[in-house]
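Engineer: Using the sequences plus the hints, can you model the full thing?
Numbering (this note's numbering), first residue to last: 2 to 149.
Heads up, some of the hints might be wrong.
[Stated by the list, open to error] Label-pair distances were calculated between CB atoms; the ranges are:
1. Thr-60 to Arg-38: 17 to 27 Å
2. Ala-83 to Thr-56: 17 to 27 Å
3. Arg-74 to Phe-49: 19 to 29 Å
4. Glu-143 to Arg-74: 30 to 40 Å
5. Thr-121 to Glu-39: 32 to 42 Å
6. Leu-133 to Arg-74: 38 to 48 Å
7. His-93 to Lys-67: 19 to 29 Å
8. Arg-112 to Asp-32: 35 to 45 Å
9. Lys-145 to Ile-118: 17 to 27 Å
10. His-93 to Glu-39: 17 to 27 Å
11. Leu-129 to Asp-101: 16 to 26 Å
12. Tyr-55 to Ala-22: 22 to 32 Å
It should be emphasised that the hints constitute simulated quantities derived from the structure, not laboratory data.
We treat Cβ as the ideally placed atom computed from N, Cα and C, and that holds for glycine.
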Amino acid sequence: MKAPRFLLRGFRRPNEVASLALGKLERAVLDEAWNRREVSVRDIYLAFEERIAYTTLMTTLDRLYKKRLLDRRKDGRAFFYAPAVSREEFAHGIREDVIDGLLGHGAEGVRPVLACIVETVSDHDRELLDELERLIKEKKRELKHKTD
Numbered sequence: 002m003k004a005p006r007f008l009l010r011g012f013r014r015p016n017e018v019a020s021l022a023l024g025k026l027e028r029a030v031l032d033e034a035w036n037r038r039e040v041s042v043r044d045i046y047l048a049f050e051e052r053i054a055y056t057t058l059m060t061t062l063d064r065l066y067k068k069r070l071l072d073r074r075k076d077g078r079a080f081f082y083a084p085a086v087s088r089e090e091f092a093h094g095i096r097e098d099v100i101d102g103l104l105g106h107g108a109e110g111v112r113p114v115l116a117c118i119v120e121t122v123s124d125h126d127r128e129l130l131d132e133l134e135r136l137i138k139e140k141k142r143e144l145k146h147k148t149d
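Structural biologist: Printed below as a string of structure tokens:
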């Protein structure tokens, strides 16, 4: 049975979580840092064609640093920021948080979530279901080797 697609109050789809966790400017600044590998406030200011106040960008970079998404080093009076996580690690962290939220309701809540995953995967593509089965077998072998 195909489930209707709807949103509950306060719930977002995983692809929306990143935009909620970070504001638009934070996301744009983080994208720029990922593209350049290291940036200063001035670099970002020029990249945004001086349309955003320098102090706003300084605050945004500092917030990303405090959220542990950027590392920073001081050179003279200026800070230089570098990504603390890759794009892939960021996306993985969001997925992990969403899954943890779904499975964090104890053993009673796990079975319906897993059943829904299997149902959704099989609706999309039989090959995905085979891949899911392969991943499960691989994880079981890995866990068995750890206990041996």
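Engineer: Determine whether the Cβ-Cβ distance between Lys-145 and Ile-118 falls within the hinted range of 17 to 27 Å.
Structural biologist: Since Lys-145 and Ile-118 have Cβ atoms about 23 Å apart, the given range 17 to 27 Å holds.
Engineer: State, for the Cβ atoms of His-93 and Glu-39, whether the hinted interval 17 to 27 Å holds or is violated.
Structural biologist: 22 Å, holds
Engineer: For the hint 22 to 32 Å, verify it against the beta carbon of Tyr-55 and that of Ala-22.
Structural biologist: Holds, since Tyr-55 and Ala-22 (Cβ atoms, about 25 Å apart) stay within the stated range.
Engineer: At the C-beta level, are His-93 and Lys-67 separated by a distance inside 19 to 29 Å?
Structural biologist: Cβ of His-93 to Cβ of Lys-67: about 21 Å, so the range 19 to 29 Å holds.
Engineer: Hint says 35 to 45 Å; check whether the CB-CB distance for Arg-112 and Asp-32 agrees.
Structural biologist: Roughly 39 Å apart at Cβ, these two residues keep to the hinted range, so it holds.
Engineer: If I claimed the Cβ atoms of Leu-133 and Arg-74 lie 38 to 48 Å apart, would that claim hold in this structure?
Structural biologist: Holds: the Cβ-Cβ distance is about 43 Å, inside 38 to 48 Å.
Engineer: A range of 32 to 42 Å was offered for this pair. Does it hold for the Cβ distance of Thr-121 and Glu-39?
Structural biologist: This hint holds: roughly 40 Å between Cβ atoms.
Engineer: Does the Cβ pair Ala-83, Thr-56 satisfy 17 to 27 Å?
Structural biologist: Holds - the Cβ-Cβ distance for Ala-83 and Thr-56, about 21 Å, lies within 17 to 27 Å.
Engineer: For the range 16 to 26 Å, tell me whether the beta carbons of Leu-129 and Asp-101 fit it or not.
Structural biologist: 22 Å, holds
Engineer: Quick check on a hinted range of 17 to 27 Å for Thr-60 and Arg-38, using CB atoms only.
Structural biologist: 22 Å, holds
Engineer: Note whether the CB distance of Arg-74 and Phe-49 lies within 19 to 29 Å or breaks it.
Structural biologist: 22 Å, holds
Engineer: Okay, Glu-143 versus Arg-74 on CB: inside 30 to 40 Å?
Structural biologist: Holds, at about 38 Å.
In this structure, every one of the numbered hints holds.
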